[in-house]
Amino acid sequence: MSVILVFLLAIAGFVGWWLSHQRLTAKPWLEQGLAGDFVALDRSALPTAKIGLGVFLAVVGCLFALFTSAYFMRMAVSDWQPLPLPRLLWFNTGVLVLSSIALQCASVAARRGQLDTVRLGLATAGLTALAFLVGQLMAWRQLTEDGYLLSSNPANSFFYLITGMHGLHIVGGLVGLGRTTAGAWNGARPERLRLGVELCAMYWHFLLFVWLAIFALLAGWAATFIDICRQLLT
Amino acid sequence: MVDITPADGIPPAEVAEVELYHPHSWWTKYVFSQDAKVIAIQYSATATGIGLVALVLSWLMRLQLGFPGTFDFITPEAYYQFITMHGMIMVIYLLTALFLGGFGNYLIPLMVGARDMVFPYVNMLSYWIYLLAVLVLVSSFFAPGGPTGAGWTLYPPQAIMSGTPGGQDWGIILMLSSLILFIIGFTMGGLNYVVTVLQGRTRGMTMMRLPLTVWGIFTATVMALLAFPALFVASVMMLLDRVLGTSFFMPAISEMGEQLQHNGGSPILFQHLFWFFGHPEVYIVALPAFGIVSDLISTHARKNIFGYRMMVWAIVGIGALSFVVWAHHMYVSGMHPYFGFFFATTTLIIAIPTAIKVYNWVLTLWRGDIHLTIPMLFALAFIVTFVNGGLTGLFLGNVVVDVPLSDTMFVVAHFHMVMGVAPILVVFGAIYHWYPKVTGRMLNEALGRFHFWVTFLGAYLIFFPMHYLGLMGVPRRYAELTDMTIMTESAHHLNSFISIMAFIVGFAQMVFLFNLIWSIRHGREAGGNPWRATTLEWQTPQTPPAHGNFGKDLPIVYRWAYDYSVPGAKEDFIPQNIPGSFGPSKEPA
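If you're matching them up, the sequences are chains L and W in order. Residue numbers for the first sequence follow this note's numbering, so the first one is 1 and each next one is one higher. Residue numbers for the second sequence follow this note's numbering, so the first one is 235 and each next one is one higher.
Treat the hints as calculated values from the structure; they're not laboratory data. Being a predicted model, the structure only gives us computed values, none of them experimental. Some hints here could point you the wrong way.
Stated by the list, open to error - Derived DSSO-like pairs: lysine-lysine, alpha-carbon spacing no greater than 30 angstroms straight-line:
| no. | chain 1 | residue 1 | chain 2 | residue 2 |
| --- | --- | --- | --- | --- |
| 1 | W | K263 | L | K50 |
| 2 | W | K263 | W | K786 |
| 3 | W | K786 | W | K804 |
| 4 | L | K50 | W | K786 |
| 5 | W | K804 | L | K27 |
Claimed, not checked - Only some residues are given here: those of chain L computed to face chain W with a beta carbon under 7 angstroms:
| no. | residue |
| --- | --- |
| 6 | L8 |
| 7 | T48 |
| 8 | I51 |
| 9 | F56 |
| 10 | V59 |
| 11 | L66 |
| 12 | F67 |
| 13 | M73 |
| 14 | D79 |
| 15 | P82 |
| 16 | P154 |
Stated by the list, open to error - Not the full set, but computed from the structure, chain L residues with beta-carbon under 7 angstroms of chain W:
| no. | residue |
| --- | --- |
| 17 | R43 |
| 18 | C62 |
| 19 | L85 |
All C-beta atoms in this analysis are idealised placements derived from N, C-alpha and C, irrespective of residue type, glycine included.
Could you build all of it, start to finish, from the sequences and the hints given here?
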């Protein structure tokens, strides 16, 4: 459970930082008036949707941290046999990076008001994300054909479970991306479009980060890394 | 006295008006509504409905325990199914949904001065997914083999084996699917509650001016958003074990002399995941109750809450601590003694912030102008019950005391007192308190007092004797206790007595439900602010509040939520949206 505890510690650190800016030591019973000196305390200047997405990403991060924790705990049992990762996953990783870059470009273009580049970026991101999903399915198929079935070893089970969960989150993201893309073609208000593109970019970068982390986990590098950390600590 | 209104007058309200969604038909106004108040009522009604099922299940269990052998249809299998569904429904589908989905939806926008939740559409989806989860849960009663009988903790391997009711039938599959749906729905709602508190607050409503109700619900929601994923992960993995034959939790095991295909899985892993959710869950239910009860006591004792800052810190502190105590539910699973020591220590440390809260409630009452209204009665009953249940928690937090008591009725009595009866008393108090705002009418006073006394005394008569049974060694989870040597004749009599009390208390809840329905039409007209309370929900132009809550202009907040009996003020309360200073408020000692 150490991975999830480290993750929660990070969240707690952030929450603590935020709380420390809320004047928790104020004496509200002595303060009357508009709190005019503390307008900044009323709410954040960030768009509400971005804060909402941020909170959601914390929940998603929590989910994957828990899967990772379970992975390490189950790994310690002797029947664990790591499976060889298909080379295709490297290609998929590249495609997902491309998808993220395309959305970043779209996001920059939206800030500058270049609608054509926004459309190009959104379309590229959508297509590459679809390509990533297809690539993942092909990797699954390759593994099953080689006899690495879901239930034959816990390492396989975790591989399918975690990549599947990540893929489902990409599918969910594609719904949002699809709506934003449709808006880009149907003349959505520029500020609305910009917000939509920025939200998509934020989600995509996060899922790319999650993918890199679970790729490292499934390839066994994460376990090596943790072993090194453990040795340093003891 | 600090008057912090800027010298050059009040700047114009810079509250960004949200684009309020406008319903066009009866369906979008009352059924597929995006108005948080309607969603709150939908949540509450659904939770109450499924809660009634759980109440009936508890009656059936008590029939078996109080009068063993009398009722043929209660087989051991059926008993396990009752116990499982009763626990799961009460903890998750009733209490969590009611506190966060019900009270959260109704009170957060009104109390922080918002027109609605920040993502109304997602909020609506949240309810419908919750309803779907409830329907899937109910459907398991009609599935072949019936609902799961694995115990509400669903421990593998027994949960998915053929010896357990529903283990190899539909029961466990429907249970896990329902939980997964619930968590998805809750996450949608939870995002709304958190972000509305962050971004929906009206001008002048700083975090340190929020009523403690909002602090409680806010912190509980943050915890739930971080804890429910653990249940989600556990449910998905167990579902795969059951349906696709993986071995996440299932060790090599044989059943009826036949070797199952599972191999090497770790049941302890499930317990870690489950209790990583399960312990915060206790406080997800308790923190909203703490918050609400603070407001009830302050309002009905006409006195500012004692130690507001400390109350906020305690809520946040309890929330953080509750994530590092989960393994105290697993002392009997076998663990390294140092781990046991660590978790016992963290568990007992939680007593400090909780005790601070109890002292502050009592000191708020001290020399207050106590009005023994029904909400106040329930609030007082909560304090007593919570202290009572908390004290037995100090017993069970210690490894050496927990191990012999763990499988006895003592534990049942402990958690029913602390997270069953105590929060439910707050729910009742809160309903008596806010019903006039929701419907515009008061609940019937006489029926309310009857409901209070029967519920409060009855609940004590049910759960207090259970401590004695537990100390005698009477085990929990047993469908049949007749032939055990520890079951003396007096113990049997006590069991029958508890069962009879359970029926009486359950009957009082029917009276309460009748009161809820009857008073919608026949209750006394309440007016906008019958309790003369300070918080924003009582200052709305209409009662019940119209769509958009606050008429043309959002309120502006000039003071904290507890200006009761301020010396020099005309009335004994000053609403949060009234400007000006009225002499020094009392400073806590």
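Chain W contact restraint on L8(L) - CB to CB distance below 7 angstroms: 6 angstroms, holds
Agreement of hint M73(L) with chain W interface, Cβ distance less than 7 angstroms: 5 angstroms, holds
Next item in the hint list is F56(L). Is there a CB on chain W closer than 7 angstroms to its CB? 6 angstroms, holds
For the restraint on L85(L), tell me whether the closest CB of chain W is nearer than 7 angstroms. Violated - the Cβ of L85(L) stays beyond 7 angstroms from chain W, reaching only about 19 angstroms at its closest.
Quick check on D79(L) please, does its C-beta sit within 7 angstroms of some C-beta on chain W? Holds, because the Cβ-Cβ distance from D79(L) to chain W comes to roughly 4 angstroms (cut-off 7 angstroms).
Let me know if the C-beta of C62(L) comes in closer than 7 angstroms to any C-beta of chain W, holds or violated. Status holds, d = 5 angstroms.
Classify the hint on P154(L) as holds or violated, based on whether any CB of chain W lies nearer than 7 angstroms to its CB. With a closest approach of 6 angstroms, the P154(L) hint holds.
Restraint check, 7 angstroms cut-off on beta carbons, for F67(L) near chain W: 6 angstroms, holds
I51(L) as an interface hint toward chain W, with CB separation required under 7 angstroms: 6 angstroms, holds
Could you check if V59(L) really has its C-beta closer than 7 angstroms to a C-beta on chain W? 5 angstroms, holds
Restraint: P82(L) near chain W, CB-CB cut 7 angstroms. Satisfied or not? 14 angstroms, violated
If you draw a straight line from the CA of K263(W) to the CA of K786(W), is it 30 angstroms or shorter? 20 angstroms, holds
Checked against the numbered hints above, the structure violates hints 15 and 19; every other hint is satisfied.
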